[in-house]
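Fit chains B, C and D to the supplied structure of chain A, relying on the hints for placement.
Chain by chain, the residues run as shown.
Number of protein chains: 4
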Amino acid sequence: MMKGYDVVIIGGGVIGCSVAYSLSGRGMRVAVVERAQIGAEASNAAAGLLGVQAEWDEHDPLFELARQSRALFPKVAVRLREQTGIDIGYEEKGIYRVAQTDGEAERLQYIMQWQRQTGEACELMDGTELREREPHLSSSIMSALFCPQDGHVLAPDLTKAFAHGAAALGAHIYEGTEVQRLIVENGRVTGVATTAGVFSCDKVVTAAGAWSTPFLQQPEWGTYPVKGEMVAVKSYRPLLAAPIFQDGFYLVPKRGGRILIGATKVEGSYQKHVEAGSVASLLERAASLLPDIRTAEWDGAWSGLRPQSRQQMPYIGPHPEMEGMYVCTGHYRNGILLAPVTGEHMADVIEGKEQVNLLQALVKGREQLASAN
Amino acid sequence: MMKGYDVVIIGGGVIGCSVAYSLSGRGMRVAVVERAQIGAEASNAAAGLLGVQAEWDEHDPLFELARQSRALFPKVAVRLREQTGIDIGYEEKGIYRVAQTDGEAERLQYIMQWQRQTGEACELMDGTELREREPHLSSSIMSALFCPQDGHVLAPDLTKAFAHGAAALGAHIYEGTEVQRLIVENGRVTGVATTAGVFSCDKVVTAAGAWSTPFLQQPEWGTYPVKGEMVAVKSYRPLLAAPIFQDGFYLVPKRGGRILIGATKVEGSYQKHVEAGSVASLLERAASLLPDIRTAEWDGAWSGLRPQSRQQMPYIGPHPEMEGMYVCTGHYRNGILLAPVTGEHMADVIEGKEQVNLLQALVKGREQLASAN
Amino acid sequence: MMKGYDVVIIGGGVIGCSVAYSLSGRGMRVAVVERAQIGAEASNAAAGLLGVQAEWDEHDPLFELARQSRALFPKVAVRLREQTGIDIGYEEKGIYRVAQTDGEAERLQYIMQWQRQTGEACELMDGTELREREPHLSSSIMSALFCPQDGHVLAPDLTKAFAHGAAALGAHIYEGTEVQRLIVENGRVTGVATTAGVFSCDKVVTAAGAWSTPFLQQPEWGTYPVKGEMVAVKSYRPLLAAPIFQDGFYLVPKRGGRILIGATKVEGSYQKHVEAGSVASLLERAASLLPDIRTAEWDGAWSGLRPQSRQQMPYIGPHPEMEGMYVCTGHYRNGILLAPVTGEHMADVIEGKEQVNLLQALVKGREQLASAN
Amino acid sequence: MMKGYDVVIIGGGVIGCSVAYSLSGRGMRVAVVERAQIGAEASNAAAGLLGVQAEWDEHDPLFELARQSRALFPKVAVRLREQTGIDIGYEEKGIYRVAQTDGEAERLQYIMQWQRQTGEACELMDGTELREREPHLSSSIMSALFCPQDGHVLAPDLTKAFAHGAAALGAHIYEGTEVQRLIVENGRVTGVATTAGVFSCDKVVTAAGAWSTPFLQQPEWGTYPVKGEMVAVKSYRPLLAAPIFQDGFYLVPKRGGRILIGATKVEGSYQKHVEAGSVASLLERAASLLPDIRTAEWDGAWSGLRPQSRQQMPYIGPHPEMEGMYVCTGHYRNGILLAPVTGEHMADVIEGKEQVNLLQALVKGREQLASAN
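Residue numbers (UniProt numbering), protein chains in the order written: chain A, 1 to 373; chain B, 1 to 373; chain C, 1 to 373; chain D, 1 to 373.
Check each hint, because a few of them may be wrong.
Just so you know, same-sequence chains aren't split out, so a pair can sit in one copy or run between any two.
As the list claims (entries may be wrong) - Straight-line Cα separation of at most 30 Å, DSBU-like style, residue types lysine-lysine; simulated pairs:
#1 Lys265 - Lys353
#2 Lys272 - Lys234
#3 Lys3 - Lys234
#4 Lys353 - Lys93
#5 Lys93 - Lys75
#6 Lys234 - Lys93
#7 Lys3 - Lys265
#8 Lys353 - Lys3
#9 Lys75 - Lys353
#10 Lys265 - Lys234
#11 Lys265 - Lys93
#12 Lys272 - Lys3
#13 Lys75 - Lys272
Don't read these hints as lab results, they were simulated from the structure.
Extracted from the complex, chain A is given alone in its bound form:
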């Protein structure tokens, strides 16, 4: 079997599907090659926070990219609903970043300052004011930074919508199909050999998350998994209107009365089991912020393997050494948030519209930041 495509994308997570969607929308013939099912790994496990402000401690280059991506969501949500019938659950009710200690409260001050300098709105409030809006929160919360532009989406629905949106625009989705090796001719990637046959193509995009390393073929590159374990509860009684974020930990209210609680960070393991001790500690910490968690209904536990890059920065751009190879991976905790901008940027690059190499820009920006500090 020999099939010809403009672009073959390795990996059917949210990043690969977003790239497929952007490329298909520009008329390219695209194949997504996914070894399991669309969204089967980190994408379906994610809480879907669009926490540009709530989750950023410092003003770094990634912050700018995150702002751009967040700004794309309102239109993406409408368009995907029209094209695929799938509602991505986009909510823009803001996120509260909360403090339970003096140190945390001071940090909120600092964050508010630099974010306002970037032009982003945010608002500091004390615990009493917070509980007027979210009356079920614990009195142990001293203050909160409210980031009204932040929001959240349903991560599995976003991924599925990108895939079906791409398919509606002509892309081919190959589930249950593994890439066995790249086909390289005269130093240029010209196709992939898969378990469903050989696909020839002009360009290959590696978007394989924590499984990207074998396709990058460069010692200092590569991704590794950081497992995030999560639990969920549910309740018909509304307990929370907007997400609560605190130092890597969060509570995210979802439709149907669900509250997602996450996430742990376990480096270096591809084993997706959830440890019983993590279940207990996530519930304890959640209850310290929202005591009624204890009487809410248990609704399950799961985990995802978020892809961290060795350079601690997403790779988004042409591969520096392999012609015809493009790389979109290493988004770690920001895959959902950065999916729209990654897809659009990569389509620009592949179309040749975009001169800037985003990856280089990110690395350079970070270096400048480091030297400035």
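Here is chains B, C and D on its own, set in the frame of chain A:
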């Protein structure tokens, strides 16, 4: 435990939840008492067709009610999305009622005529024209009546959205709670004894679908189940844009590439198993309309027990003999379609705004229709 | 539809199925009428402990019955495997009742004494000795009473095996079928009206667990639910060989590396949801006995509604007032353990072989015990 | 992380787990490296037929191996139950190979003859005699060959039992762990690099089923998938006592009233979806043998990817070119049946007890057979 409510609703299906949503929106204190989970029976099993025109063979009183209800969906969809975050999957791309025999084709002519007289748009087309719009349909389809105002929703999501919408407006949802008996004082229903204690109330609404009989306490009334078995397939390749209806049988495209195929009619059994023979025959019939069904991916089988009333007509109104008791049941195949109008009408009746007894109007209308023929 | 049976059994839990199995084995025509599926409630949720000695604090009449029933398991296991192919997972490796406080340790002494007087073997050991056998247990365990005759089974498999064993012997199993009312003629029960029609019969057995009250029709009788919430973990590394019991709490190792952890006691609610707080506290308590629970893999949570009788004693015998009605319910935490003896005893009673009314014997025995103390 | 083992086994299917069990039983330190979960692929999908006689058309070398393996099951079943608590569902009630045409009936004669010459018992009977034993079978069945020594097991339980049996004997099971590459030093395999780190070892066994090719590194070797789709129905009424086999198609009665129906053969695809058309045709064919299938309860559909070798023969033996590498793969439809003998033989080879190379013997035997014909 003693709780006081304005209205207690027996049954957490789409009808009970719609009534709860309408009543809560008008400021009443409402409890929904559901023995299993919200939507657990016929509501979650339904295909969600809003086939007012495609499914109606004759102009009868129910047709008028169905039109009214269909007209409510656009606003209901928007409001529920805002209040609950749940998208009910409302699609208004029309439905095709198809003919594979001369007899069926003649019937389409007749239906088009009377429907146009009622002011409804509909359009007859031959098979070639149909396949221009839906290219995967079988060449054995001779003609189709296109009903552009018809549509469909996701039945489980509609039910859940009504329940969470009611809860957001203050209603209490008691899952896992059975009504053991009505409490009647001086000929008036004043509460219900449940497995979660006694609830006193001003009014009780019976919306228990195929399980309503014990609460109606009148020999000629009652509901019985008509089991509908269904199967589903899925595909990334788009196979169908709008639902196909043919004499009680249908194919309904849903988000995520799913196509629902249904339904059988098995009278009188509360046993919800799907017979293997039904699976095979549903698939065969579906493939006779849409041959690519055969290569689509199998996606499961299930059934629902649709409540038929002894009078073959939904009961929507005050109980004729028990003061304080209201009845909303027996919607048979039209529970999803009629849910919005049932909720609003029942709220009018309970508020005393509505003088007309919808049940009587329906029965009277049907009698007039019968005598006219 | 009119079907004639010798005995109709209301309820397809472990008790109803055991009675059906015993009666069918004696040649009677039997129907089991189950409103959901076989074992759907408390039976499938149970941990399956056969903790005759480990769970009994005092020598009461029920202890004697429990001993008899435990003694039946070896043969029952072999017979059901032959007849149905189902292995009930019978394990007779004993149970350890453990003490973490001086008070608990003293209690173990007392229990050992009276149990040895009844002729039962049991052995007291200190923590060191215990950990030689079960090396992963916490050093906080001071001592343990080892009850070598105790064991456990897989509760869902036992229930299913009784049902299929009965069916293989000719019994009819009606799932998805509710009993709507008893048919009583001249003061004698002569059948049941169900959602699958009327079944006439000579005798009716009520074995409906926490849903038995409506069929007992006697003010002082009745059952109510005591919810037990449970969690499970799993591990390929063997962590525990035999069950650990401590004051109503237990860890039970099951095939496939699972460990069941239970159970809470929540009175009076039919709502089967598991509270998030229960998940956390069950895991914490389990880890205080077996610290490696924390790193084991989370494997789910569920609950069951165990039927407690108003007299805190199982009802096993003819109904004192309704001729033709027999009662087997209220087994609370001992349904699995007592199922074999309940089935055999009830078959004896129904055949007229058994003069003794077990229910009266139990009540009388308890009164004697009370007056002796 | 650096771990040392005697043997690392790539693949946690029934073959890999059987090898692990045999090696652990002989005191070796073993690791099983499985990229998903134990049994996740073909092993859990299999019907578990031990159809040595019913499935063999000709007396070939594999028949001898299959006889040996079948003879091991009674003891394996007992031992695994004792060591792991898992009952593998071993049933030795024989298999009926049936004929619906004259051609099929003649073939049964031929098979009976050569099998009796090998010393195996088998019995030819006409349709009437067959239906005395299996009264629900279709009258269209003309005759049957009864193979009383054949039987069946529960394939998922066998796989799980081997894994837990190995773990109980000290083996380490690494789920969620992929082998990234072999470590070869001086032409000898000395370990594997996995997603859970590097494991050094004396010997590596490749038992990766349809995913074995990358580890075999020899052009003419390799395995490819042959997808088998299956469906199941269930019934409390006993419909079938022993398996029915007909030319690659079978009905297998399992505990709990299930009947497995399979299987299709789809070559070359790793996509595990079940096609809707396969569901319909499997049910139709099953109903032509056992008409009551139509009214039985639908119980699901699934598929497995059976590993076929390029030489159409299982590979069981040392790798001909890579020192330290052993190969157990390509068992196609006979993985369950051949698992015990494969494990024992491989352990003999690895211990150096076995001089004969089973792979060479198989290939040689087949060549002799070919030249003789």
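Hints versus structure:
{"no.": "1", "hint": "Lys265 - Lys353", "verdict": "neither (38 Å within a copy, 48 Å between copies)"}
{"no.": "2", "hint": "Lys272 - Lys234", "verdict": "both (23 Å within a copy, 13 Å between copies)"}
{"no.": "3", "hint": "Lys3 - Lys234", "verdict": "between (46 Å within a copy, 23 Å between copies)"}
{"no.": "4", "hint": "Lys353 - Lys93", "verdict": "neither (35 Å within a copy, 37 Å between copies)"}
{"no.": "5", "hint": "Lys93 - Lys75", "verdict": "both (16 Å within a copy, 22 Å between copies)"}
{"no.": "6", "hint": "Lys234 - Lys93", "verdict": "within (20 Å within a copy, 34 Å between copies)"}
{"no.": "7", "hint": "Lys3 - Lys265", "verdict": "between (40 Å within a copy, 24 Å between copies)"}
{"no.": "8", "hint": "Lys353 - Lys3", "verdict": "within (27 Å within a copy, 50 Å between copies)"}
{"no.": "9", "hint": "Lys75 - Lys353", "verdict": "within (22 Å within a copy, 42 Å between copies)"}
{"no.": "10", "hint": "Lys265 - Lys234", "verdict": "both (23 Å within a copy, 21 Å between copies)"}
{"no.": "11", "hint": "Lys265 - Lys93", "verdict": "within (27 Å within a copy, 39 Å between copies)"}
{"no.": "12", "hint": "Lys272 - Lys3", "verdict": "between (34 Å within a copy, 21 Å between copies)"}
{"no.": "13", "hint": "Lys75 - Lys272", "verdict": "neither (34 Å within a copy, 35 Å between copies)"}
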